[in-house]
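*Asks:* Construct the entire structure; sequences and hints are all you get.
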Amino acid sequence: MISIKDVKKIYSSRQGKVTAVDNVNLEITEGEIFGVIGYSGAGKSTLIRMLNGLEIPTEGSVIVANNEVSKIKGGSLRKARQEISMIFQHFNLLWSRTVRENIAFPLEIAGVPKGQRMKRVDELIRLVGLEGREDAYPSQLSGGQKQRVGIARALANNPKVLLCDEATSALDPQTTDSILELLVDINKRLGLTIVLITHEMHVIRKICHRVAVMEGGKVVELGPVLDVFKHPKEEITKRFVQQVTEPEETKETIEHLLELYPHGTVVQLGFVGEAAEQPLITNLIRHYHVTVNILQGKISQTQNGSYGTLFIHLDGEKEELSKAIAYIESQQVGVEVISNA
Amino acid sequence: MLETLLPNVNWEKMIEATNETLYMTAISVVITFVLGLILGLLLFLTAKGNIWENAIVNKVISSVVNVFRSIPFIILIVLLIPFTKLILDTMIGENAALPALIIGAAPFYARMVEIGLREIDKGVIEAAKSMGAKTSTIIFKVLIPESLPALVSGITVTAIALVSYTAMAGVIGAGGLGNLAYLEGFQRSRSDVTFVATVIILIIVFIIQFIGDSITSKLDKR
Chain A
1 MISIKDVKKI YSSRQGKVTA VDNVNLEITE GEIFGVIGYS GAGKSTLIRM LNGLEIPTEG
61 SVIVANNEVS KIKGGSLRKA RQEISMIFQH FNLLWSRTVR ENIAFPLEIA GVPKGQRMKR
121 VDELIRLVGL EGREDAYPSQ LSGGQKQRVG IARALANNPK VLLCDEATSA LDPQTTDSIL
181 ELLVDINKRL GLTIVLITHE MHVIRKICHR VAVMEGGKVV ELGPVLDVFK HPKEEITKRF
241 VQQVTEPEET KETIEHLLEL YPHGTVVQLG FVGEAAEQPL ITNLIRHYHV TVNILQGKIS
301 QTQNGSYGTL FIHLDGEKEE LSKAIAYIES QQVGVEVISN A
Chain B
1 MLETLLPNVN WEKMIEATNE TLYMTAISVV ITFVLGLILG LLLFLTAKGN IWENAIVNKV
61 ISSVVNVFRS IPFIILIVLL IPFTKLILDT MIGENAALPA LIIGAAPFYA RMVEIGLREI
121 DKGVIEAAKS MGAKTSTIIF KVLIPESLPA LVSGITVTAI ALVSYTAMAG VIGAGGLGNL
181 AYLEGFQRSR SDVTFVATVI ILIIVFIIQF IGDSITSKLD KR
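These protein sequence lines are chains A and B, in that order. Residue 270 in this note's numbering is what sits at position 270 of the first sequence, and the numbering runs on without skipping anything. Residue 86 in this note's numbering is what sits at position 86 of the second sequence, and the numbering runs on without skipping anything.
FYI, nobody ran anything at the bench for these hints, they're computed from the structure. Please note that the accuracy of each hint is not assured.
[As the list claims (entries may be wrong)] In silico SDA-like pairs for lysine to any residue, Cα to Cα no more than 25 Å straight-line: (1) A/LYS73 to B/LYS48; (2) B/LYS48 to A/TYR11; (3) B/LYS141 to B/LYS13.
[Unchecked claim] Some chain A residues near chain B, calculated using beta-carbon distances under 10 Å: (4) TYR39; (5) MET86; (6) ILE87; (7) PHE91; (8) ASN92; (9) TRP95; (10) PRO138; (11) PRO224; (12) ASP227; (13) HIS287; (14) VAL290; (15) ILE294; (16) TYR327.
[As the list claims (entries may be wrong)] Computed footprint of chain B on chain A; a stretch qualifies when at least three of its residues, placed anywhere within it, have a C-beta under 8 Å from a C-beta of chain B: (17) 104-111; (18) 176-188.
Beta carbons are placed, not taken as given, at the ideal position from N, Cα and C, and that holds for glycine.
*Replies:* Put into structure tokens, the structure is as follows:
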């Protein structure tokens, strides 16, 4: 559906040349929800804007839905853009138009006759759950409702691809979740390919099938979301994964606990998929002569399975301890001994 | 009662002068609106980072606008005498004031249009582009509607400036309340005539301001 080949984007400014996107190659298949994560300035914004021709790559080619968007211009680019719609962090609605008129705007652009336009708008309002707000102006809507208008507007011309530019970054956590659910629903119901950029791993975890991690204009890591969660290779990826698997205060808590429990071992367990649902701790206490103290834990749901971490404190005879750890390892659970007291 | 307070006021003449002032103001506001809107749009669209980015065109329009905005109106009228004679064949009467009024006010309004357009969120223009909108669609369905409150409050301010310009134009023979106040009032030392002409001008200004304000607040859905 989307093919990005050897793409480079260089901006020349007074301070010299800046390479915003550096040799990126990506293939995104039809019906996929593909996430790009990176901190601000990583080039993800430039990358997503090249998918609908708002930015033109300095080198390389971008093909979306059989259109070489990096090359076409004028009428054919405008036509192609009707199949590649976009939603934005700040929604970018026209304040002078009501909800209904905002959603009708892309249909006006596409030259859909008025009767049909109104029918389609009503369908879309139902699809995104905005019944009763048709005649409100954007200023009378909450952030979540505004983004729903943005999504309805983006879907109006039955696009093949939906680009999400930090679509949930301006929303509170609860609203973010409801918008993400809506996106998954649309993806399943309409088979729409979705490309989203974000700096929140939470968003990737919740809805993406595959993820690319960007840093300094390059894609430094790429793969199915669960794999990336299981075995993050790059330092930056590990940091992003920590965003969702470990609460921020974990490090301090662990240090504190190490002081509190001078004996025994603090172990970090990583559960992936099936292993997350087994009674590991029960087995541990039944079969080995160790005491187990659960310090902290969290299980996260991703689109292709669950993933979790658990910090436990083990105490007992040295021999029993190493046997217990060997047992955990045999259960396909990742084990990392944080410290030996 | 009125006759004792304002002994020298000829009401028939006063009404005629008021009509002339209203005529000059109305015609010049309409043409200034259209001309200023076009110039303002050109200034905005040819600026850096915009759809028709063009440094030379932008610089030329910008300089012309600045020059005409800087010339004091009373001097502009005099400077434009040959031009007015050329296109209208006369220097007397309400129509003779129109070229100077429009050339004086349109650049002023063009700047206000430009400022209004610059206040539109760039993201909204980007969104329209991402939907495949043509430039004409962006102008008529995004730029103008989204800046309409600014455009209306700008033309209100411009219209009020135009009322005072008509008074100045009156002094050199264009008719209207300014002409009456100067010739009948000042030069013949009939201060009651000047007073009444001033009051009528003030009423016209207040009415314009009131209409402008209510339209602006009605349009603004932000």
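*Asks:* Taking the hints in turn, state whether each one holds.
*Replies:* How the hints compare with the structure:
1. A/LYS73 to B/LYS48: With a Cα-Cα distance of about 20 Å, the restraint between A/LYS73 and B/LYS48 holds, given a limit of 25 Å.
2. B/LYS48 to A/TYR11: Given pair B/LYS48, A/TYR11 holds - Cα atoms ~15 Å apart, limit 25 Å.
3. B/LYS141 to B/LYS13: violated, 46 Å
4. TYR39: violated, 21 Å
5. MET86: holds, 4 Å
6. ILE87: Hint holds; A/ILE87 Cβ to chain B Cβ min 9 Å, cut 10 Å.
7. PHE91: holds, 8 Å
8. ASN92: It holds, given that the least Cβ distance between A/ASN92 and chain B is near 4 Å, below 10 Å.
9. TRP95: This interface hint holds because 5 Å falls under the 10 Å limit.
10. PRO138: holds, 8 Å
11. PRO224: violated, 29 Å
12. ASP227: violated, 32 Å
13. HIS287: Cβ of A/HIS287 sits 60 Å from chain B, so the hint is violated.
14. VAL290: With a minimum Cβ separation of about 58 Å from chain B (threshold 10 Å), the hint on A/VAL290 is violated.
15. ILE294: Check failed: Cβ of A/ILE294 comes no nearer than 47 Å to chain B, outside 10 Å.
16. TYR327: violated, 55 Å
17. 104-111: holds (count 5)
18. 176-188: Violated, because only 0 residues of the region 176-188 of chain A bring their Cβ atoms closer than 8 Å to Cβ atoms of chain B.
The structure fails hints 3, 4, 11, 12, 13, 14, 15, 16, 18 (numbered hints given earlier, in ascending order).
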